[in-house]
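S.K.: Here is how the chains run, residue by residue.
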Amino acid sequence: DVKVTQSSRYLVKRTGEKVFLECVQDMDHENMFWYRQDPGLGLRLIYFSYDVKMKEKGDIPEGYSVSREKKERFSLILESASTNQTSMYLCASSFSLRFTSPSSYEQYFGPGTRLTVT
Amino acid sequence: GENVEQHPSTLSVQEGDSAVIKCTYSDSASNYFPWYKQELGKRPQLIIDIRSNVGEKKDQRIAVTLNKTAKHFSLHITETQPEDSAVYFCAAPGGYGGATNKLIFGTGTLLAVQP
Chain R
17 DVKVTQSSRY LVKRTGEKVF LECVQDMDHE NMFWYRQDPG LGLRLIYFSY DVKMKEKGDI
77 PEGYSVSREK KERFSLILES ASTNQTSMYL CASSFSLRFT SPSSYEQYFG PGTRLTVT
Chain P
2 GENVEQHPST LSVQEGDSAV IKCTYSDSAS NYFPWYKQEL GKRPQLIIDI RSNVGEKKDQ
62 RIAVTLNKTA KHFSLHITET QPEDSAVYFC AAPGGYGGAT NKLIFGTGTL LAVQP
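Protein sequence lines correspond, in order, to chains R and P. Residue numbers 17 to 134, in this note's numbering, belong to the letters of the first sequence in order. Residue numbers 2 to 116, in this note's numbering, belong to the letters of the second sequence in order.
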């Protein structure tokens with residue numbers, strides 16, 4: 017069974033704090049993703065990593081950065097948290113199309129981190 | 002890049018009725034269309050997907066249809082049950098030409114099945 021875990025289910029931070037959200041997967045997936053989920057807006061991609069130390073901006077990267085030093089771990093960093101970053105953050109992972117058939121687009125999600133910035 | 006639109010945003014049906022959720026996409030080269038289900042307080046999970054070389058796929062009470070000409074695909078749930086209540090997301094590949102690891106998700110449909 018694929019397991020994607022996130023470091024916290026709930027997090028409360030103050031405006032201006034630096035925030036780290038951690039994601040770990042145990043399936044040796046090449047790809048890892050960070051999404052933000054807000055009501056009515058669906059799942060919006062913040063950043064994507066297709067290999068260690070490799071990253072690509074998603075649709076809403078402003079105010080965020082990421083780090084992938086090891087294959088199994090992908091971190092999302094809020095350099096200076098703001099109230100408009102209050103949201104549910106979901107991590108996901110998948111196999112790379114470079115190594116598998118196109119049937120492996122499936123993304124496996126973590127349980128999410130509900131972040132509140134006050 | 003790809004753009005995915007999903008309708009309706011909310012859907013309420015009586016138990017036993019059918020539910021249909023529709024999505025449109027913009028990139029004619031997209032070749033894979035998954036549907037994810039997210040129950041309240043839980044993570045999204047893949048429930049069914051379809052590739053562009055088929056027009057329909059079924060799995061028990063759920064089915065997905067694809068119209069490549071019109072660039073839309075739909076999720077059909079028959080004989081709905083209360084446990085079908087959830088948010089459903091459609092998605093399509095997020096890069097040019099369909100060859101990408103990214104998915105672009107629709108905005109979601111909240112399905113409520115009334116007992």
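One or more hints might be untrue.
[Stated by the list, open to error] Listed next, the stretches of chain P that the computed footprint assigns to chain R, with coverage defined by at least 3 CB atoms under 8 angstroms from CB atoms of chain R:
id	segment
1	45 to 55
2	63 to 71
3	86 to 95
Read the hints as simulated data drawn from the structure, not as lab findings. Just so it is clear, CB atoms sit at the ideal spot from N, CA and C, and this is done for glycine as well.
S.K.: Hint by hint, note whether the structure agrees.
M.R.: Now for the hints, and whether the structure bears them out:
no. : hint     : verdict
1   : 45 to 55 : holds (count 5)
2   : 63 to 71 : violated (count 0)
3   : 86 to 95 : holds (count 3)
Violated hint: 2 only; the structure is consistent with all others.
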